[in-house]
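Chains as they are written, first to last, in the numbering used here: chain A, 1 to 227; chain B, 1001 to 1227; chain C, 2001 to 2232; chain D, 3001 to 3232.
It is possible that some hints are incorrect.
Said to hold, decoys possible - Computed list of chain B residues with no C-beta within reach of chain D, every gap over 12 Å:
| # | residue |
| --- | --- |
| 1 | N1004 |
| 2 | N1054 |
| 3 | L1101 |
Said to hold, decoys possible - Partial pick of chain A residues on the chain C-facing surface, computed with a CB cut under 10 Å:
| # | residue |
| --- | --- |
| 4 | N4 |
| 5 | T22 |
| 6 | A31 |
| 7 | V125 |
| 8 | V127 |
Unchecked claim - Quick list of in silico lysine-lysine cross-link-like pairs, DSBU-like style, CA-CA up to 30 Å:
| # | chain 1 | residue 1 | chain 2 | residue 2 |
| --- | --- | --- | --- | --- |
| 9 | D | K3147 | B | K1149 |
| 10 | C | K2131 | B | K1152 |
| 11 | A | K152 | B | K1149 |
| 12 | A | K96 | A | K5 |
| 13 | B | K1135 | A | K149 |
| 14 | A | K135 | A | K152 |
| 15 | B | K1143 | D | K3131 |
| 16 | A | K135 | A | K149 |
| 17 | C | K2147 | A | K135 |
| 18 | B | K1096 | A | K149 |
| 19 | B | K1096 | D | K3166 |
| 20 | A | K96 | A | K149 |
| 21 | C | K2131 | A | K96 |
| 22 | D | K3131 | A | K152 |
| 23 | C | K2147 | A | K143 |
| 24 | D | K3166 | D | K3147 |
| 25 | B | K1096 | A | K143 |
| 26 | C | K2087 | A | K135 |
| 27 | A | K143 | C | K2131 |
| 28 | D | K3087 | B | K1135 |
| 29 | B | K1149 | A | K135 |
| 30 | B | K1096 | A | K152 |
| 31 | B | K1143 | B | K1005 |
| 32 | B | K1096 | B | K1135 |
| 33 | D | K3147 | D | K3131 |
| 34 | C | K2131 | B | K1005 |
| 35 | D | K3087 | D | K3131 |
| 36 | C | K2166 | B | K1152 |
| 37 | C | K2179 | A | K135 |
| 38 | D | K3131 | D | K3166 |
| 39 | C | K2131 | B | K1149 |
| 40 | A | K135 | B | K1152 |
To be clear, the hints were calculated from the coordinates, so they are not data collected in a lab. Predicted model, so just to flag it, every value in this text is computed and none were measured. Idealized CB from N, CA, C, for every residue including glycine.
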Amino acid sequence: MAINKIVETMEAAVAGIGDGATVLISGFGNAGSPTALCHALLDQGARDLVVVANNAGTGREGLAALMDAGRVRRIVCSYPRSGGSVVFEELYLADKLELELVPQGILSERMRAAAAGLGAIYSPVGVGTQLAEGKEEREIDGKRYVLEKPLKGDLALVEANLADRWGNLTYAKSARNFGPVMAMAADVTVAQARTIVGLGEIDPEIVVTPGIFVDRVVHVPTNAGGA
Amino acid sequence: MAINKIVETMEAAVAGIGDGATVLISGFGNAGSPTALCHALLDQGARDLVVVANNAGTGREGLAALMDAGRVRRIVCSYPRSGGSVVFEELYLADKLELELVPQGILSERMRAAAAGLGAIYSPVGVGTQLAEGKEEREIDGKRYVLEKPLKGDLALVEANLADRWGNLTYAKSARNFGPVMAMAADVTVAQARTIVGLGEIDPEIVVTPGIFVDRVVHVPTNAGGA
Amino acid sequence: MAVQTLDDITRLTRRQVAWRTAHDIEDGWYVNLGIGMPTMCSNYLPEDREIVLQSENGVLGVGPNPPEGEEDPDLVNASKQLITLLKGGSYVSHVDSFTMIRGGHLDLALLGAFEVSEAGDLANWTTNDPKFPPGVGGAMDLAVGAKRIWVLTEHCTRQGEPKLVKACTYPLTAAGVVKRVYTDLAVLELGDDGVVVLEMVPGLTLETLQAVTGPELRLADDWRELVAPEVG
Amino acid sequence: MAVQTLDDITRLTRRQVAWRTAHDIEDGWYVNLGIGMPTMCSNYLPEDREIVLQSENGVLGVGPNPPEGEEDPDLVNASKQLITLLKGGSYVSHVDSFTMIRGGHLDLALLGAFEVSEAGDLANWTTNDPKFPPGVGGAMDLAVGAKRIWVLTEHCTRQGEPKLVKACTYPLTAAGVVKRVYTDLAVLELGDDGVVVLEMVPGLTLETLQAVTGPELRLADDWRELVAPEVG
């Protein structure tokens, strides 16, 4: 037998995701957004999702399409409103979507804490602000910190450049962003990869996400910045 | 003016290190050990050092030479005793060296916490054991954790493969080990690099330690596993 | 003689504020540029200095805008603008990017503001207006993580109210972090001595500036005229 | 009939214990091998399975020992032995390596032991002997982080005392983590049903095994003979 994480269909890529799942979705704006996987998740039908992503989608594609179809109950993000975040704004103002706003670095740091098996971390970010309300505060060596809990996904959807059958991944330029940490922080990680290569064709020095963190890979040839 | 972190002498590489400094020294066994920098630090003369390293040196070279010369007051490591750790054993049994034993993954995780500006982390490692004695314990979501403090260096000495004048680094195979985290976790990071290349010659996708984390680079052509 | 009003004064354009700020960024610094005026600073960095721009989405060594036809949708800054990468630049994961930021590895972060208080408190993420869903982005991480925080802002709101205030009324981003403020009227330093005016645009008097500024101002002994060239 | 003693029994060699253990590692698993007998398992992995070995110093996809003349001092495992890398393998930083370990990403860690208790407590890092400075390495991280912990050990100490005990006397590495123990006499499972013997070497009786084992043993209904080939 051989390890083969490559699946042939978009359906297989997102099979088995249940209602209420927490889904980590990579990308910063359009760069690194796993648009095709978002549409596969839309077709798959899971509802009542909690989505963790830096932004809340643009236009009516990808994450925005999932939200537009009413599949997302809550979004955990740092910067929901940006050029073209029309679906988010409609739903938010109509009170049809919960928003948990997290400082951007703490968003990835909380996912990293989950990936690394930590119980919690003391963060210097947001101390004394509205975003730290209700969070435990503590002084350590003369500086104040707030307690932040790990943020773990049932599913992570990431957009990669190269991939092989072991699930090793590289990323394209700034499309790397949340891919590595989300791949580490979910029970099931699915990558849409622009190019599938043979095992050993990715230089072991340049693998960014080792295959141990990846469960399924599906080939999605073009991404062009998420469009 | 141009950023140029490359220094021409071993003396310049370790200039300004004071007595009592905490020094992070990369390497796992001999792989990735910055032997030449350890000797430079010996020549430089700083005393009363606290050294953070995975192992406590082998033979009488590198870190072992520093210890042998009585420059190290305390060593923070996970696995001091291994084949050839003669200097450590002599000093430890003669009560001339303090030992702080840290579980290996927590050694790097504590340095990462310092690098990332965290106040502390809750770790699942060592709970209820002798190594957690005196540490705050806490239950989070039904699981027990101990509070671990950041571990920051005044100086980090790392062994790199390629380097450029901005301080960008790559490593050689498993000699990578503690290099990336130590480079991030010290006030002053010095790399001995096997090859110095022109700016732009390291593919931006394969830089492991970006230059922002590196202060000085010195060319040490051969390493051959630290020997 | 009539009392001076701001109508008598030529303010700096947004580009000129960016130009002025850029000239205080020192050789060799690692700098993060926030959305808006801060990002415009990248066009005006003095050519005799090597300054490394960090973009929190995971780019170190941000270069100028790409020539037409050479845009790469995979290469964007935190404002989602298309950029290039300098020689010596690198791509990093988001976690590593914020390790740079929170761990004190950046020499400077330039941010925008709704309000800055005399104690250096910064409010720049929400006005609590229910019609505008809030967004914080990396502002809180940058505000507590970078070695220096400088703010670029218009001196007054559109309604003519001071943005430099005694105490912030909007929700804080971070307390006591802002060290310098660059506006279309002045350059001001915030410190133990209170708010010190380092530079003012030509013709402006301290009294007129004081009238549109919350905290009490003190003119630096070596204050200078704030003169910026026409910049495109 | 005389009472059986262990002198009547042919024990497994250390290599045979490694061989036996290796055959329980499933296709596709990610596995960390501790120093000693665990590391020897890499020589006996069934060829029809693809198993990915992790070495905590920062290697994923450890291959066989290098041919003479092709050793690379930069390529070592956590035991500091010279290794090779399989196709598909990768090098990672120490932090990322322990993210794999502590974050529950490994299917299995194989460890040695001074003592294992019936509750699955593991003691394998120090005997508190002042003449031997302690070393913990990655044992505590692995013990709490991997999905499964199996121990490989001689069944008895050199003095003939049980290493599988009711309660550990040496300082713990972690509590309640060991699920299976492979010894030179038996394969044992630790669980809610107590200690269950899955396999025993030919000729060994439960009574004889019980005599060198601390906790009470129960023989599995489907227990088998533990037979290993000569392995080099």
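Cross-check of the supplied hints:
1. Interface exclusion of B:N1004 from chain D stands, the closest Cβ pair being 26 Å apart, more than 12 Å.
2. In this structure B:N1054 is not separated from chain D by more than 12 Å, as the shortest Cβ-Cβ distance comes to only about 8 Å.
3. Under the 12 Å C-beta cut-off, the non-interface status given to B:L1101 relative to chain D is violated; the minimum distance is some 6 Å.
4. Given the 10 Å rule on beta carbons, the hint for A:N4 is violated: about 26 Å separates it from the nearest Cβ of chain C.
5. Because the beta carbon of A:T22 sits about 18 Å from the nearest beta carbon in chain C, more than 10 Å, this interface hint is broken.
6. The beta carbon of A:A31 is positioned within 10 Å of a beta carbon in chain C (closest approach about 5 Å), and the interface hint is therefore held.
7. Hint on A:V125 holds. Least Cβ distance to chain C is approximately 5 Å, under the 10 Å limit.
8. Annotation: interface hint on A:V127 holds; nearest CB of chain C at approximately 7 Å, less than 10 Å.
9. In summary, the hint linking D:K3147 to B:K1149 is supported, as the alpha carbons are separated by about 26 Å, within the 30 Å threshold.
10. For a cut-off of 30 Å, the pair hint linking C:K2131 to B:K1152 is broken: about 44 Å separates their Cα positions.
11. With a CA separation close to 23 Å, the supplied pair A:K152 and B:K1149 stays within the 30 Å bound.
12. At most 30 Å may separate the alpha-carbon atoms for a hinted pair to count; A:K96 and A:K5 exceed this at roughly 37 Å.
13. Our distance criterion of 30 Å between C-alpha atoms is met by B:K1135 and A:K149, whose separation comes to about 20 Å.
14. A distance of roughly 18 Å separates the Cα atoms of A:K135 and A:K152; the hinted pair therefore holds under the 30 Å criterion.
15. Between B:K1143 and D:K3131, the direct Cα distance comes to roughly 35 Å. Violation of the 30 Å bound is thereby established for this hinted pair.
16. For the proposed pair A:K135 and A:K149, the alpha carbon gap of about 10 Å is at most 30 Å, so the pair holds.
17. Taking the CA atoms of C:K2147 and A:K135, the gap is about 26 Å. The hint holds against a cut of 30 Å.
18. Annotation: proposed proximity of B:K1096 to A:K149 is violated, straight-line Cα distance about 42 Å (limit 30 Å).
19. A distance of roughly 38 Å separates the Cα atoms of B:K1096 and D:K3166; the hinted pair therefore is violated under the 30 Å criterion.
20. Simply put, A:K96 and A:K149 have alpha-carbon atoms about 26 Å apart, close enough for the 30 Å limit, and the pair holds.
21. The straight-line distance between the Cα atoms of C:K2131 and A:K96 is roughly 14 Å, inside the 30 Å bound, and the hint therefore holds.
22. Restraint check for D:K3131 and A:K152: not satisfied, since their Cα atoms lie roughly 45 Å apart, outside the 30 Å limit.
23. Note on C:K2147 and A:K143: the hinted pairing holds, with a Cα-Cα distance of about 15 Å set against a maximum of 30 Å.
24. This hinted pair checks out: D:K3166 and D:K3147 have alpha carbons roughly 24 Å apart, not beyond 30 Å.
25. Among the hinted pairs, B:K1096 with A:K143 is inconsistent with the structure: their alpha-carbon atoms are about 35 Å apart, more than 30 Å.
26. A hinted pair counts as satisfied when its Cα atoms are at most 30 Å apart, and C:K2087 with A:K135 does not qualify at roughly 43 Å.
27. With a C-alpha separation of about 35 Å, the suggested pair A:K143 and C:K2131 falls outside the 30 Å cut-off, and the hint is violated.
28. With a C-alpha separation of about 43 Å, the suggested pair D:K3087 and B:K1135 falls outside the 30 Å cut-off, and the hint is violated.
29. For the hint pairing B:K1149 with A:K135, the CA-to-CA distance comes to about 20 Å; that is within 30 Å, so the pair holds.
30. Distance restraint check for B:K1096 and A:K152: the Cα-Cα separation of roughly 46 Å exceeds the 30 Å cut-off, and the hinted pair is therefore not satisfied.
31. Between B:K1143 and B:K1005 the CA atoms are separated by roughly 46 Å; this puts the pair beyond 30 Å, and the hint is violated.
32. At roughly 25 Å between alpha-carbon atoms, B:K1096 and B:K1135 fall within 30 Å of each other, so this suggested pair holds.
33. For the hint linking D:K3147 to D:K3131, the alpha-carbon distance of about 34 Å lies beyond 30 Å, and the restraint is violated.
34. Note on C:K2131 and B:K1005: the hinted pairing is violated, with a Cα-Cα distance of about 50 Å set against a maximum of 30 Å.
35. Taken as a hint, the D:K3087 and D:K3131 pair is broken in the structure, with Cα atoms around 43 Å apart against an allowance of 30 Å.
36. With a CA separation close to 37 Å, the supplied pair C:K2166 and B:K1152 exceeds the 30 Å bound.
37. Restraint check: the Cα-Cα separation between C:K2179 and A:K135 comes to about 28 Å, which is no more than 30 Å; the hinted pair holds.
38. Of the supplied pair hints, the one linking D:K3131 and D:K3166 holds, its CA atoms being roughly 27 Å apart against a limit of 30 Å.
39. Among the hinted pairs, C:K2131 with B:K1149 is inconsistent with the structure: their alpha-carbon atoms are about 42 Å apart, more than 30 Å.
40. Between the alpha carbons of A:K135 and B:K1152 the distance comes to roughly 26 Å, so the proposed pair stays at or under 30 Å and holds.
Hints 2, 3, 4, 5, 10, 12, 15, 18, 19, 22, 25, 26, 27, 28, 30, 31, 33, 34, 35, 36 and 39, counting from the list given before, are not met by this structure.
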